[in-house]
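If you read the protein sequences in the order shown, they are chains G and Y.
Every letter in the first sequence is one number past the one before it in UniProt numbering, and letter 11, counting from 1, is 11.
Every letter in the second sequence is one number past the one before it in UniProt numbering, and letter 66, counting from 1, is 66.
Keep in mind the hints are simulated off the structure, nothing from the lab.
Remember, it's a predicted structure, so these values are computed and weren't measured experimentally.
All residues carry an ideal CB built from backbone N, CA and C; glycine is no exception.
Some hints could be false.
[What the hints assert, rightly or not] Now the stretches of chain Y that chain G is said to cover, found in silico as 3 or more residues with beta-carbon under 8 Å:
1) 133-139
2) 373-380
[Stated by the list, open to error] Simulated crosslink set (SDA-like; lysine to any residue; CA at most 25 Å straight-line):
3) 140/G / 1/Y
4) 21/G / 288/Y
5) 2/Y / 137/G
6) 119/G / 3/Y
7) 140/G / 15/Y
8) 140/G / 288/Y
9) 119/G / 4/Y
10) 15/Y / 100/G
11) 161/Y / 235/Y
12) 119/G / 206/Y
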Amino acid sequence: MAETLIALDRISKHYVRGKEKIEVLHELSLNIEQGDFLALMGPSGSGKTTLLNLIGGLDQPSAGTITVSGQRIDTLSGGRLAQWRARNVGFVFQFYNLLPVLTAAQNVELPLLLTHLSKSERARRVQIALTVVGLEDRAKHKPSELSGGQAQRVAIARALVADPTLLVCDEPTGDLDRKTADEVLGLLQTLNREHGKTLIMVTHDPRAAEYAGHQLHMDKGRLIEAGAQA
Amino acid sequence: MKFFPLLWATLWRRKPRTIFTMLSIVVAFLLFGLLQAVNVAFNQGVEMSGADRLITHGKYSFTEILPYGHYQQIRSVPGVDKVSHATWFGGRYQSEANFFPIMPVDQETYYDVYPEFVVADDQVATFKRERTSCIVGRGLMEKFGWKIGDTIPIQATIWPKKGGSNAWEFQLVGVMDARDETMKGQEDFMVFRWDYFDEARAFGQGTVGWYNVKVANPAEAETVGRSIDKLFANSPKETLTETDKAFNAAFIKQFGDIQFLIASIIGASFFSLIIITGNTMMQSVRERVPELAVLKTIGFRDGGVLALVLAESALLCLIAAVIGVLLSTFASGFLKPFLPGLEVNLGVWTLALGAAIVLALVVGAIPSLRAMRLNIVNALSGH
Ligand SMILES: Nc1ncnc2c1ncn2[C@@H]1O[C@H](COP(=O)(O)OP(=O)(O)OP(=O)(O)O)[C@@H](O)[C@H]1O
Ligand SMILES: [Mg+2]
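Chain G on its own, in the form it takes in the complex (with noise of 0.2 Å):
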């Protein structure tokens, strides 16, 4: 059996706009393996983003614990919760998010800024980000010289530079066509399969959630079903 990375007990999420209170994750448990890869689905509005940026400390809950290798991380404090994201977790957006004005490479480099890397280790892992995800030779190009598909590979790389246990990711392929969608999604399971990542990602494309190793499904902030496949 291996062990749990990810407890989230009994959690709930509302946020308040003006005069309405609106609930978004309803008292939801769940347990996530250390190297698993979890596919999220749902409906639009469901709240699977809500959920994912829960897990990946980019947001508290209202009520209930989020512990990750043991760890508290619902109680830490702003400061504390960004020093953990930048130690812990990867993550992968819907429309790349890279920064316009830096390079492939510079865009990589971004999370080792946090750490006490030299240059030269600093360059170093950068170059193996990007040979991992197939772009070294496009280190110097910016975002706006690379196609969707190769934005994307940059920003994973990104994700990964840093050696966090977690990656998460959002709608990661939604952007995508087919065949780059396929691509990008053999890549996310080469790093769980080969690289021990754990992965969560929300997607809402079934083909996309059978790279997947589960499938977890959401609606009106419940989980409905846990299926798990071969």
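Let chain G serve as the given structure and place chain Y with the ligands on it in line with the hints.
What follows is chain Y with the ligands alone, placed relative to chain G:
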């Protein structure tokens, strides 16, 4: 500085906008440097004054004349070391355009009270011997091609001679140098003997313009000044005694309140600068809200993001300010012949860089706070 490439790339995100903003900062600091250089030129007279010197003049205006009889009385005030006196002569040499100050002084004491002007001992001795002699600054002597022994004709504008003639003549017996290189130009005036002046002038006998008092102990200068004024209180010629510095400042004010003018121009140009640069910084932060959110996602702390935006503002302002002050340094070099003493000195540089940092903080404050407070989840989702 590992964050520099990130900062630099961000600064040039929109090149035309950055260049226009920088140009307006460059122009403002060019103006700042030049006006401060003018300030330096006008302040030299104030700065050179000794702290141990007082000037006693008429209570209501320093153009009032005082009785020569005050001389002995001031000398007897405790704490007074030496007393000299001078009078404003006005007058011109050949034409109006050749203006320089001319003053009849007490030949026995003048250079004791003004040690910052250096004259050879034998020349001072001749000055004390020859009744119609005069001494001029080195710059004037070179400018007009005078030599020791020349007779210099001066046309009076205030003080005619007995019989009504305005034509005065003095024999040049000595030349003054400024003791200190930074005071160069200050020595360009003419002194001649008051005793001769008093005897030859048509009216006003027995009066002087003001007294120069050297005190024994600079710390007592103010007390001594008050004792002098008390001496003449309720007399027909009351006095006001000030430090030399205050007197010079007041004298310069005669030429228009230049300091105020300079401050107003600089103030106005900085006001528009704050608006232009502030707007640039606001836009720069507003259009990259998602990028700032990504930096935070990656693990940049709120304070780190604040520092990045402030550093961007500082880089923008400092680069442009340095260019502006450099230009003003060159420009003041060209303009120096028209206004002696004009100089962008270390003080001006320090002031300008200080102003650039203040500007950077002022225009960077709101955008950097906004970047700091940015909520990741809202910024990423567009909520
Ligand atoms: N920052 C926010 N402030 C207020 N309401 C929010 C915020 N973020 C999300 N919501 C609301 O919470 C609900 C769930 O949003 P969430 O983004 O988690 O859904 P999702 O499952 O990711 O949807 P999609 O598939 O469209 O991305 C929605 O009704 C949304 O309007
Ligand atoms: Mg979503």
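Hints, verified against the model:
1. 133-139: Violated - the stretch 133-139 of chain Y has 0 residues with a Cβ nearer than 8 Å to chain G, which falls short of three.
2. 373-380: With 3 residues in contact (Cβ-Cβ under 8 Å with chain G), the coverage given for the stretch 373-380 of chain Y holds.
3. 140/G / 1/Y: 20 Å, holds
4. 21/G / 288/Y: 29 Å, violated
5. 2/Y / 137/G: 23 Å, holds
6. 119/G / 3/Y: With a Cα-Cα distance of about 11 Å, the restraint between residue 119/G and residue 3/Y holds, given a limit of 25 Å.
7. 140/G / 15/Y: 20 Å, holds
8. 140/G / 288/Y: 22 Å, holds
9. 119/G / 4/Y: The hint holds at about 13 Å.
10. 15/Y / 100/G: 14 Å, holds
11. 161/Y / 235/Y: 30 Å, violated
12. 119/G / 206/Y: 83 Å, violated
Checked against the numbered hints listed earlier, the structure breaks hints 1, 4, 11, 12; every other hint is satisfied.
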